[in-house]
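S.K.: In this note's numbering, the protein residues as written are 16 to 276.
Honestly, the hints are just simulated from the structure, not real lab data. Don't take each hint at face value.
What the hints assert, rightly or not - Below 25 angstroms or equal to it, Euclidean Cα-Cα: the simulated SDA-like pairs (lysine to any residue) are:
1) Lys79 x Glu36
2) Lys186 x Lys79
3) Lys79 x Leu242
4) Lys195 x Ala137
5) Lys186 x His236
6) Lys79 x Ala249
7) Lys186 x Asp219
8) Lys79 x Tyr190
9) Lys233 x Leu263
10) Lys186 x Leu242
11) Lys186 x Gly123
12) Lys195 x His236
13) Lys79 x Ile113
14) Lys195 x Pro237
15) Lys37 x Tyr166
16) Lys186 x Lys233
17) Lys37 x Leu242
18) Lys195 x Leu263
19) Lys37 x Gly123
20) Lys233 x Gly276
21) Lys79 x Ala101
22) Lys186 x Ala163
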Amino acid sequence: MLRICVMGSGSGGNATYVGSEKTHLLIDFGLSTRRVAESLLQIGVHTDDIQGVVISHEHTDHVKGLTTFTRRFCAPIFLSRPTLEALTGVTINGSREIIEVGMAFRIGDLDILPFPVSHDAADPAGFLIRHQGMQVAHVTDLGCITEAIRYRVQGSDVLIIESNHDEEMLKIGPYPWPLKQRVLSRLGHLSNRDLAAYLQNDFDGRARTIVLAHLSQKNNHPELARLSAQEALAERSAARSDSFEVILAQQDTLSPVITIG
Numbered sequence: 016m017l018r019i020c021v022m023g024s025g026s027g028g029n030a031t032y033v034g035s036e037k038t039h040l041l042i043d044f045g046l047s048t049r050r051v052a053e054s055l056l057q058i059g060v061h062t063d064d065i066q067g068v069v070i071s072h073e074h075t076d077h078v079k080g081l082t083t084f085t086r087r088f089c090a091p092i093f094l095s096r097p098t099l100e101a102l103t104g105v106t107i108n109g110s111r112e113i114i115e116v117g118m119a120f121r122i123g124d125l126d127i128l129p130f131p132v133s134h135d136a137a138d139p140a141g142f143l144i145r146h147q148g149m150q151v152a153h154v155t156d157l158g159c160i161t162e163a164i165r166y167r168v169q170g171s172d173v174l175i176i177e178s179n180h181d182e183e184m185l186k187i188g189p190y191p192w193p194l195k196q197r198v199l200s201r202l203g204h205l206s207n208r209d210l211a212a213y214l215q216n217d218f219d220g221r222a223r224t225i226v227l228a229h230l231s232q233k234n235n236h237p238e239l240a241r242l243s244a245q246e247a248l249a250e251r252s253a254a255r256s257d258s259f260e261v262i263l264a265q266q267d268t269l270s271p272v273i274t275i276g
């Protein structure tokens, strides 16, 4: 059995729990230690139970809680060397384990495969978490869905994927033009429209639970993201859209706990 819970997702901070009966890990630690601890308790996990934190990239909203967490708890931090060298304003006080994007590693009874994504960071990664034939794909902070990403996420039972912005809202929104260009670029963030194109045309349909993550609070609206994804799924010829559960990951609240197996 695997349990998955997005504890917070967005530019304000990101952290996701994935665990089996024996192993508990976090993907990213961009929230405060207190909030993560309280969130874990809500799903029946103690912070001392965490056996590792895997880091997707060095941007502040994915790592800013590490200094306090590693001062108080002994779980090792798994990250690539380019990501470690790019960290600023964060100190990893405890154990660190160097990983390579593209090379699988193991924490307890969970197998983790980091794979490259397109984002303006030193060595950004998505993750596949595998356990007893089950697979969770975690893919956020990417400007486009490459052929390699399409290949990697095939066969996933749960897909956590970015639906960051509505392009029209972004274009008329408050961001300065250089920031708008960055978000819209192939090294920026995935739009609702780009995700919809993937879900309609390239998604293999295996994952019955799709979590829309890293929604912009200024350049998107949850119902716009949900409707875009649901309409794309409805256009698929291989499956009815109501056979998929679309979950919105929020910045300030826990997602439902997703259980597979």
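S.K.: Quick one, are Lys186 and Lys233 close enough, alpha carbons at most 25 angstroms?
M.R.: OK: Lys186 and Lys233 at ~11 angstroms, within 25 angstroms.
S.K.: Regarding the pair Lys79 and Ile113, is the alpha-carbon distance no greater than 25 angstroms?
M.R.: holds, 19 angstroms
S.K.: Just to be careful, I want the Cα atoms of Lys195 and Leu263 compared with a cutoff of 25 angstroms; is the pair within it?
M.R.: Satisfied, since the Cα-Cα distance of roughly 23 angstroms is no more than 25 angstroms.
S.K.: What's the verdict on Lys186 and Lys79, does the C-alpha distance respect the 25 angstroms limit or exceed it?
M.R.: Given that 25 angstroms is the threshold and the Cα spacing comes to 29 angstroms, the pair is violated.
S.K.: Can you confirm whether the C-alpha distance between Lys186 and Gly123 stays at or below 25 angstroms?
M.R.: violated, 45 angstroms
S.K.: With a cut-off of 25 angstroms on the C-alpha distance, tell me whether Lys186 and His236 pass.
M.R.: Distance of about 14 angstroms is within 25 angstroms: holds.
S.K.: Run the distance test for Lys79 versus Leu242: straight-line Cα separation, threshold 25 angstroms.
M.R.: Roughly 32 angstroms separates the two Cα atoms, so the pair is violated.
S.K.: Holds or violated: Lys186 with Leu242, Cα cutoff 25 angstroms?
M.R.: Distance ~20 angstroms between Lys186 and Leu242 Cα, so the pair holds.
S.K.: Are Lys79 and Tyr190 close enough, with their CA atoms no more than 25 angstroms apart?
M.R.: Within the cut-off at roughly 23 angstroms; holds.
S.K.: Holds or violated: are the alpha carbons of Lys195 and Ala137 at most 25 angstroms from each other?
M.R.: holds, 20 angstroms
S.K.: With a cut-off of 25 angstroms on the C-alpha distance, tell me whether Lys37 and Leu242 pass.
M.R.: Given that 25 angstroms is the threshold and the Cα spacing comes to 37 angstroms, the pair is violated.
S.K.: Given the proposed pairing of Lys37 with Tyr166, does the C-alpha separation stay at or below 25 angstroms?
M.R.: Between Lys37 and Tyr166 the Cα gap is close to 29 angstroms, so the pair fails against 25 angstroms, i.e. violated.
Consistency with the previously given hints fails for numbers 1, 2, 3, 6, 7, 11, 15, 17, 20, 22, ordered from lowest to highest.
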